[in-house]
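S.K.: Quick mapping for you: the protein sequence lines, in order, are chains A and B.
Every position in the first sequence, counted from 1, becomes a number in the numbering used here once 1 is added.
Every position in the second sequence, counted from 1, becomes a number in the numbering used here once 577 is added.
One thing to keep in mind: the hints can contain errors.
[Unchecked claim] Covered by chain B, per the in silico footprint, the following chain A stretches (three or more residues, Cβ under 8 Å):
id : segment
1  : 19-28
2  : 57-68
3  : 112-121
No lab work stands behind these hints: they were computed from the structure.
Note that the structure is predicted; figures quoted are calculated from it, not measured.
All residues carry an ideal CB built from backbone N, CA and C; glycine is no exception.
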Amino acid sequence: MARFAEPMARLIEELRKLPGIGTKSAQRLAFHILRSSTTDAEALSKAILQLKASLRLCSRCNNITDVDPCAICSSPTRNQRLVCVVEEPTNIGAIEKTRTWNGVFHVLHGTLSPVNGIGPEQLRTTNLFNRLSDIEEVILALSPTVEGEATSHYLAQEIHKLAPALPVTRIATGVPAGSDIEYADEITLSRALDNRRQL
Amino acid sequence: MTTHQTEAIVLRTWPFEEADLLVSLFTREQGVVKGVARHAMRSRKRFGGALEPMTHVRATYAEKPKQDLVRMDSFEIVWSPMSEPVDYARVAALQFLAEVLGEALPERAVEDDVFRLTVATLSEVKVGQTWMPVTYFTLWMTRLMGWLPELGACIVCAEALRGHPVWFAAGADGVTCGVHKRPGSVALPPEAVALAERMLRRPLAELLKEPSGKTGPLAMVRRFAVEILERNLERQMRSARVLARL
Ligand SMILES: [Zn+2]
Ligand SMILES: [Zn+2]
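Bound-form chain B, shown alone:
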């Protein structure tokens, strides 16, 4: 039996057997691990509020040889989503982050950049401030997973696209110029492309000073990044649909 102690993010919990909870945990040391928190449904003593999804914890768990599920021993809260007010938009944003991580990360693969992105984004998702952190997180996830296409040039003719609209289609690789756009393409106007480029160069704290809302260039970048994620994950993200309808 090996005991691990690592920083981690609680992604999801499910009722398991009689009184236990199955926990999906994104750890810094080992990537996503799944394990059982014994008696967590009835007795909250050992875990308290730490099992709430998207809580940043210091987790202690034990790995048994030849077993997929680890034994969750104790969680100490580093940061909790409950430390700030919660409204429907904020819970939708937090569940979106959890859903993206749960779908995109393979089990037991260390993803330190994704971990740091998640921690940096989480605490900025606040009531009245959801769109910029969510969009920043989504765009960066496409880059860190290696799915973000080169935005500077048409994939067909290689023409430089700076200052021009960039066309993308959910079912096709890369982006194109207006001449080579594929059926069902949507345009990302120059101001949205410029915003995406700023997001990839600057820290979130700086971007939070920019005007943001649920429409305009920010919404376009979000839709673009969500489509890339969904195309690569080969499924629609439920929480992304909820966010789009807010």
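So that you can see chain A by itself, here it is in the shape it has in the complex:
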């Protein structure tokens, strides 16, 4: 990085830590910030600091929020007894976009990944397990990956131990809408067949 002045190299290095940002994008962003007005640069750095200072995790669902409990957990129009479990706070946005879900969420902040040092103790599950008596159904919406499946398996097992009568379901996986069956891989297609529905 010797070809950039030290402050520039430092900014590029920091930007490169962001997900989906490679060296080229980091350089492009750094030069954009350098060329922008001092007011804009200050607004950006303030927004970052404020985010860190004012946001925390909801004590009920672990969603990122500025009020506790979060807007979803305190909403009177949502069914607080239906809980959809997701991996990351960003997954909430994806499900909200469907406009078909009127329950609440629980965010794990990760999936079981032995090689990355994430075991059952590292998942944020205590506040979920503590409120099972107020829940009617738990819906697991985790990634269809080996780690996501292991996490679903673990959660279902623990919930059955703590609340044997509580139904635990999992979202269906299958062929994406608007795609061609020919392009679906064998695993996706065999699961779609397993989870078929009567018409």
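Once you've looked at the hints, dock chain B with the ligands against the given chain A.
M.R.: Chain B with the ligands in isolation, oriented as in the chain A frame:
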């Protein structure tokens, strides 16, 4: 540009640049190759679930002259770890296999015996059946890499050890009799040595009929083989620690 089509095992993937994935692939034809799966993060169309670690695939990739990274073109699934139920022990076992292969195999060196061992082990790692396949794989890896010491005789006095405990120390070559054991040695009792010898002679399918659990001779053989691997790789295997704590 040379196009290759070969059987392969996906070892690991990492996010790469904006939307690509860097893939470490253990191929039958060329050993471990690393390459880029373009747009694999955003569009799963070409790769689908085939990029999941420890998937057995038929891979098509292109090699460009004077470039280390190949271009991954398409993967067709032969066997997927997702075709069976997954629990924490099974994912730990699968990640252990991937970690051992990733650490032990040099890039671009054909290892057909290791490939066949991996394929034979993979499909037997099931929920409730992890310890025997994992131990079998680990012990065989030490042998195929040329790291497994002769278990039949003391390396110091050459006394035959059959029917006696065999002593091994993580920091030293070979195994010894009780008299010549080195500081920090651990004993492998005769029944564990006998199990290790059976593992080296018989197919996995036959061993799976034997009683197995996470303690007893099987655990001793696993610890022994893991220590040999770690000593030769000069690092501790994270997933081995997880397995030991299960
Ligand atoms: Zn909340
Ligand atoms: Zn001796």
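S.K.: So is the segment 57-68 of chain A in contact with chain B by the C-beta rule, three or more residues under 8 Å, or is the coverage claim wrong?
M.R.: Contact hint for the segment 57-68 of chain A vs chain B: violated, 0 residues under 8 Å.
S.K.: Three residues minimum, CB to CB under 8 Å: does the segment 19-28 of chain A make the cut for coverage by chain B? Let me know.
M.R.: holds (count 6)
S.K.: Checking C-beta pairs, does the segment 112-121 of chain A have three or more residues closer than 8 Å to chain B?
M.R.: It holds, with 7 qualifying residues against the three required.
In terms of the numbered hints stated before, the structure departs from hint 2 and from no other.
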